[in-house]
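Enquirer: Sequence:
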Amino acid sequence: MKSVAPSQPPVEDDVVASDNGSPSAEPTPDTHAIQRRSYMGVNLFALLLTIIALAAVGQFFLISTPPNLLAGVALLTIAGGAFVALRAWMRDPAPDGAPSSLPRFAGVLERLSPFYPLSALALMSGGIAFWCAATPTLRPGPALIAWIMGIGLFLAGTRYIAVPRVDLPAEAPWTRREMLALAALTLAALALRVTMLDAIPQNFGGDEGEMGMEARGVLEGRITNPFSTGWLSHPTLWFFLQALSLTIAGNDVFGLRMLSALIGTLTIPMLHLLARPLFGRNVAFGAAALLAAYHLHIHFSRLGVNNIADPFLALAAFTAFFYGMRRSSPFAFGLTGVVCGVAQHFYMGSRLTPLLIAALIAHLALCDRQRFRAVAPRLPLIIVGFGLGFGPLIAHFIAQPSALTARLAMVGVVQSGWLEQKLAEGVSLSTILIDQTRQSFGAYTFIPDRAAWYDPGIALLDPVSSLLLTLGVALALVNWRRSEWFLLIAWLTGAAVLGGMLLVNTPESPRYVTTTPALCLLIALAIQQIATMMQWAFRLTKTRHALVSVAILALLAGWSINFYFREYTPRRTYGWTNTEAATRVAHLINDQSEPVYVYFFAPPRIYLGNGSIRFIVRDLQGMDILEPITDPEQIMPPPEGRRPLFIFLPEREAELAVVAQRFPGGTTLRFQGEREPGTLFLAYTPP
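So the sequence shown is numbered by this note's numbering: it starts at 1 and just counts up by one.
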């Protein structure tokens with residue numbers, strides 16, 4: 001790689017300049033050397049810890065039962081070679097004039113950029129991760145360690161790639177006030193996402209329960225491969241993270257949802273980090289404040305599912321990419337690829353992120369060829385990082401390509417047969433395209449969300465925010481030649497096309513969660529321009545100009561918070577009626593004073609194996625009554641030590657009389673629905 005260079009590994013952005021701005025003939029002796037030594041020391045110490053960890057894994061293989069000699073010897077050999085290389089890079093002579101502990105041939109390492117051996121080690125460690133993932137006895141621990149170490153070694157290596165002198169644009173320094181304000185905003189976002197986490201939303205979704213059961217499968221040792229797919233073809237790494245959350249925060253609804261709440265909270269400062277150097281700290285803070293209070297983002301931050309990881313990982317990738325463009329940083333480009341690869345382990349919407357990175361590169365080549373030529377030698381690092389971040393999951397998708405496209409086969413307009421059916425019904429292709437476009441792009445401003453996942457009764461944005469979004473989009477279109485503005489347009493368009501037009505039942509909010517940062521940024525940019533226009537028109541002071549922006553932001557944030565907690569939450573619409581019934585049935589079973597055996601008169605609408613019920617009720621025993629009963633003798637007695645509990649959906653209420661003949665004198669409780677008026681279900685308890 002042409003960008004990898006000299007025998008003396010340079011340090012990123014480490015340029016010594018004279019007073020007139022050109023490189024000085026002689027480096028500043030003390031300060032420069034001390035900074036360089038400190039920087040190198042941190043990297044070398046991190047590498048030393050990595051080598052020790054690698055050797056520890058190899059030793060684990062040797063002493064395990066049965067021992068894995070091949071794996072142990074291979075890892076110890078790699079660790080030993082890396083240790084020798086690390087010692088060679090430490091240029092200082094041995095203490096007290098002692099002879100060198102290295103053989104002469106190791107001296108060649110002093111003239112070799114650490115990038116090369118570190119990259120080789122990274123690829124070897126990544127290869128070991130593939131091997132471990134394919135070997136049941138070597139997962140999950142060794143497979144995860146090898147994968148993480150491969151990523152770490154690669155990123156460490158990129159720090160030693162030569163970086164040309166770059167004239168950096170001036171950026172406003174971080175002030176203590178700004179950091180405190182961002183910290184306070186993040187804490188407020190955390191409070192909005194964690195408060196009464198197990199009770200808001202009141203319903204507990206079936207998909208949440210299914211993912212929770214997968215996480216418990218990790219804790220119980222039934223799921224051991226973090227580089228595979230599980231329920232509904234979702235990558236299993238998410239279930240390992242949820243298992244960690246269950247272990248730390250509690251093996252219940254609160255613990256399951258806590259992971260999403262934390263990821264959603266971390267998205268707030270990540271948005272600020274992306275937007276600050278691109279649009280200024282005022283816009284960055286305004287966008288972060290809007291996202292912190294955005295009802296859609298709050299909602300998915302409070303669900304135990306993986307959608308909320310999409311915006312966080314997308315922001316991390318874009319932040320790294322733009323940092324790499326500004327500073328021509330190999331590390332940042334490598335990190336961009338790694339984040340894009342890791343994102344493939346989460347919700348399907350994360351597949352949009354690498355496509356947007358590719359679009360940004362193409363846009364750069366078209367609109368800023370000089371900068372493109374400057375960073376082009378380092379762009380292949382994105383590809384390498386993507387492969388390492390994707391890791392052994394690539395092998396799983398190659399072996400089982402249907403796992404990669406399983407969801408698309410269910411909801412794709414072509415793959416599911418939906419388009420063919422519409423055409424057979426006589427609907428023209430042009431009509432279908434126009435309607436899909438209207439629905440998909442209208443989801444942002446005027447088409448209500450149709451998904452049971454949320455169903456707020458409005459579009460993704462309220463009317464005022466929709467108006468501001470329109471103004472922000474107009475600004476972005478005018479400035480499309482600038483990469484940061486182009487990203488916002490491509491982000492919204494990509495989600496609307498790939499997550500809307502090409503899928504059935506559009507629009508559905510889970511597919512649009514990834515766009516929440518872009519929406520907030522465009523709105524914040526529109527607010528900034530409005531405040532600037534008012535400042536010019538009315539000759540406002542800077543303080544009053546700021547107050548205008550703060551007032552608009554506060555009104556939008558206040559409306560959003562009020563809408564979610566005071567208007568939306570009491571409706572209990574998340575998951576619709578079946579989810580409400582399953583959630584309340586589960587809590588009813590849990591509230592019983594003694595162990596029960598449940599007779600579930602709910603199929604075919606709901607089954608006892610519903611994810612909501614199975615996750616909430618830890619000791620669930622019972623049976624689905626599939627066919628209507630007409631004879632009391634058809635009811636089997638409960639197991640020894642368990643009291644019978646009969647639950648009926650309203651459409652099967654007539655069978656309650658038959659049960660009462662078999663178990664007379666019981667108590668009937670009728671539960672009323674909150675989302676829809678009328679009976680939700682009935683519970684009959686014999687004496």
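Simulated from the structure, these hints should not be mistaken for lab results. Since this is a predicted model, take the numbers as computed values, not measurements. One thing to keep in mind: the hints can contain errors.
Claimed, not checked - Pairwise CB distance ranges (calculated):
| # | residue 1 | residue 2 | range |
| --- | --- | --- | --- |
| 1 | Ala172 | Pro448 | 50 to 58 Å |
| 2 | Ile148 | Ala374 | 28 to 36 Å |
| 3 | Thr470 | Trp536 | 42 to 50 Å |
| 4 | Gly80 | Val478 | 53 to 61 Å |
| 5 | Thr135 | Thr668 | 37 to 45 Å |
| 6 | Arg177 | Ala365 | 51 to 59 Å |
| 7 | Trp174 | Leu366 | 31 to 39 Å |
| 8 | Arg482 | Ala172 | 43 to 51 Å |
| 9 | Ile52 | Thr470 | 28 to 36 Å |
Ideal placement from N, C-alpha and C gives every residue a C-beta, glycine not left out.
Enquirer: All the hints need checking, so say for each whether the structure fits it.
Expert: To see whether the hints hold, each was checked on the structure:
1. Checked against the hint of 50 to 58 Å, the pair Ala172 and Pro448 fails, with Cβ atoms roughly 41 Å apart.
2. In this structure the hint that Ile148 and Ala374 lie 28 to 36 Å apart at CB holds, the actual value being about 32 Å.
3. Separated by about 21 Å at the C-beta atoms, Thr470 and Trp536 break the suggested range of 42 to 50 Å.
4. Hint check: Gly80 to Val478, Cβ distance near 59 Å, so the stated range 53 to 61 Å holds.
5. At roughly 56 Å, the beta carbons of Thr135 and Thr668 sit outside the given window of 37 to 45 Å.
6. Roughly 40 Å separates the CB atoms of Arg177 and Ala365, a value that falls outside the hinted 51 to 59 Å.
7. A C-beta distance of roughly 33 Å is found between Trp174 and Leu366, which places it inside the suggested range of 31 to 39 Å.
8. Between Arg482 and Ala172 the beta carbons are some 19 Å apart, a value that contradicts the proposed interval 43 to 51 Å.
9. Checked against the hint of 28 to 36 Å, the C-beta distance between Ile52 and Thr470 comes to roughly 56 Å, which is inconsistent with it.
Of the numbered hints listed earlier, those contradicted by the structure are 1, 3, 5, 6, 8, 9.
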